[in-house]
Amino acid sequence: MTVTVYVPRDSAAKSVGADEIAAAIAEDPRVRLIRNGSRGMLWLEPLVEVVTPEGRIGYGPVAPEDVEGLFAVGFLDGADHRLRLGPVDQLEWLASQTRVTFARVGVVDPLSTEDYVAHGGMAGLHKALSMTQEEVIAEVTESGLRGRGGAGFPTGIKWKTVLDAQSPLKFVCCNADEGDSGTFADRMLMEGDPFTLIEGMTIAAYAVGATEGYIYVRSEYPDAVSVLRQAIELAYARGWLGDDILGSGLTFDLAVRVGAGAYICGEETSMLESLEGKRGVIRAKPPIPALHGLFGKPTIVNNVLSLGSVPMILADGAKAFAAYGVGRSRGTQVFQLAGNIARGGIVETAFGVTLGDLVNHYGGGSRSGRPVRAVQVGGPLGAYLPVSQFDLPMDYEAFAAAGAMVGHGGVVVFDDTVDMAKQARFAMEFCAVESCGKCTPCRIGSVRGVEVIDKIIAGRNRSENLVLLDDLCDLMTDGSLCAMGGLTPMPVRSAVKHFPEDFNKLPTEGFSILEATQSLEAGR
Amino acid sequence: MALLQENVEEVVRGAVEAHRDDRGALLPILHDIQEKLGYIDATVVPILAKELNLSRADVHGVVTFYHDFRKNPAGATTVRICRAEACQSVGAERLTELVKSRLGVDFGQTTPDGGVTLEQVFCFGNCALGPAVQVGEKLYGRMDADRLAGVLEAGR
Chain D
75 MTVTVYVPRD SAAKSVGADE IAAAIAEDPR VRLIRNGSRG MLWLEPLVEV VTPEGRIGYG
135 PVAPEDVEGL FAVGFLDGAD HRLRLGPVDQ LEWLASQTRV TFARVGVVDP LSTEDYVAHG
195 GMAGLHKALS MTQEEVIAEV TESGLRGRGG AGFPTGIKWK TVLDAQSPLK FVCCNADEGD
255 SGTFADRMLM EGDPFTLIEG MTIAAYAVGA TEGYIYVRSE YPDAVSVLRQ AIELAYARGW
315 LGDDILGSGL TFDLAVRVGA GAYICGEETS MLESLEGKRG VIRAKPPIPA LHGLFGKPTI
375 VNNVLSLGSV PMILADGAKA FAAYGVGRSR GTQVFQLAGN IARGGIVETA FGVTLGDLVN
435 HYGGGSRSGR PVRAVQVGGP LGAYLPVSQF DLPMDYEAFA AAGAMVGHGG VVVFDDTVDM
495 AKQARFAMEF CAVESCGKCT PCRIGSVRGV EVIDKIIAGR NRSENLVLLD DLCDLMTDGS
555 LCAMGGLTPM PVRSAVKHFP EDFNKLPTEG FSILEATQSL EAGR
Chain B
4 MALLQENVEE VVRGAVEAHR DDRGALLPIL HDIQEKLGYI DATVVPILAK ELNLSRADVH
64 GVVTFYHDFR KNPAGATTVR ICRAEACQSV GAERLTELVK SRLGVDFGQT TPDGGVTLEQ
124 VFCFGNCALG PAVQVGEKLY GRMDADRLAG VLEAGR
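Protein chains in written order, with the working numbering: chain D, 75 to 598; chain B, 4 to 159.
Derived from the structure by calculation, the hints contain no laboratory data. Hints should not be assumed to be uniformly reliable.
Simulated restraints, written as ranges between beta carbons of each label pair [stated by the list, open to error]:
id: 1; chain 1: B; residue 1: Lys74; chain 2: D; residue 2: Pro445; range: 20 to 28 Å
id: 2; chain 1: B; residue 1: Arg23; chain 2: D; residue 2: His200; range: 30 to 38 Å
id: 3; chain 1: D; residue 1: Gly194; chain 2: B; residue 2: Asp24; range: 52 to 60 Å
id: 4; chain 1: B; residue 1: Leu7; chain 2: D; residue 2: His200; range: 51 to 59 Å
Since we're looking at a predicted model, the values are computed, not measured. Think of the CB as a built atom: it goes at the ideal place given N, C-alpha and C, for glycine as much as any other residue.
Please model the entire structure based on the sequences and the hints provided.
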């Protein structure tokens, strides 16, 4: 009798021992081991699943020393054990979500084309190839899909621009330089269901008439690079890439490119420069990449999750996707719960879920057990929000109105030990380290930002320096060429606005005209 | 550790040849060279510039722009600590201070015995299981100073 056992190969699961568990379990001759992606319940990793007549029974989090005991009680038959979680599909955390983009992640063998097709893969591409290019783009436009990388630009409009551009050579570039702290959904999709991305990019290529594509993956994600490269090879072997795809006459070649440790290359024009073999310095827009992109050719640049949503939109229709969500935020978003959180992981659900629901209901509050104090949403350039804003719905417009951004859907939780003045300082420090250097407000402004926050923390002419910081933030917001310098003020200002007490810990020094002058001189 | 000039030239030419048909191949070429040599030796720049018909300044500019490319050889083991917000919220800064004082080096430095190079990273995408630390090729979640010391000891 052979029993199928799943142990994730996801790098988060591996970081807490999944490889060791898999090796120990595979020693038993009865076991057929499959390395799946992660279900996204990261606090339960390594999560081992056993296929039984009752369904896939989960055990987790499993430590290497638990394996012997699991065999002893007969976990291959789904037997009871203190780590037994029951049928994984029925766990409330998972069952209450709407898994669309992540429907197959953790369920299938990421590198099995058979598994992919058996779970609905390639239906979107087949459908697309039966339609005209304009019809495919209309479907994507009607779905209301907006760029999941953070900017939220309507995907269909971008595609239409590339389709209408006249050029014998066009590109599709997937931006997989997921550098924001608190975001890992792109990584998990690439590691857990790479064919979805490949299929989405192929549909995009067909829709706009592109023949070549690149997935730009950051070097911090070696597992994603390796899985994608294997998946691309398998896709070529199945006729899903290359010439005459699925007998349709479509040609599309796809390759993975690895970054070299530069946060700014997550910005689309920097990414294009890097793909061209140059320093990842941003380009001024216009011209937009849709018209003048990679090597000057019309180029689609989309995020992993945007492209990963496309197969479902084509397979099930625009209406099914648009039925989820609120206002102009349609479909589902893959929220990522991270930081000091009890139950961190992936929550895919329709837009409109509240921030508090994500942090408290799904996340279970802080990991440390202390009160939650601040939450940063949307990456290092996103705002810090206090608990009093937990009723905010996850909706691009509602967040913008509150001086924050949904961004990439990353939610990083901090408990009451956090020092928000230090976090504001870090935002400027990060910008100083990672700025590409092309524009002065970002390159110099961030350095001055660190200095002025240091003075505020030290209590030197605090009120004058807070005014100076505000002015600097205005300048960076208005004068920077891209979102790096333009959005760094967001975490800084939100920290000052919502947590002013942290900027006021030391008594302010007595007012002295001489010192005020010196400090202003130094700040110039 | 001095590299033989013939060796460097051979590695550079091999990397260029391997990516001859790639568009904008400089990054993949530099990755290949660093994988073989362990770092981008200063003598690589003029050879590569000539092979690719670029100016030395162009190649130098690319090598120095990206954090991944080293100018000097690394220690036997590279320890990379994530300093991004999610890891900070669960004590990455404290862990960093402890590791720095135990190893006696700052970020970007190698211990005098050549054993460990310490580096900072902003995000491995392991934000729900921080603090995240990479030792060599292997990523560890929920890291603390004692466990890290154990991992380093086991690796010796």
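How the hints compare with the structure:
1. B/Lys74 / D/Pro445: 20 to 28 Å: Check failed, 46 Å falls outside 20 to 28 Å.
2. B/Arg23 / D/His200: 30 to 38 Å: Holds: the Cβ-Cβ distance is about 36 Å, inside 30 to 38 Å.
3. D/Gly194 / B/Asp24: 52 to 60 Å: violated, 36 Å
4. B/Leu7 / D/His200: 51 to 59 Å: holds, 56 Å
Hint compliance for this structure: hints 1 and 3 are not met, and every other hint is.
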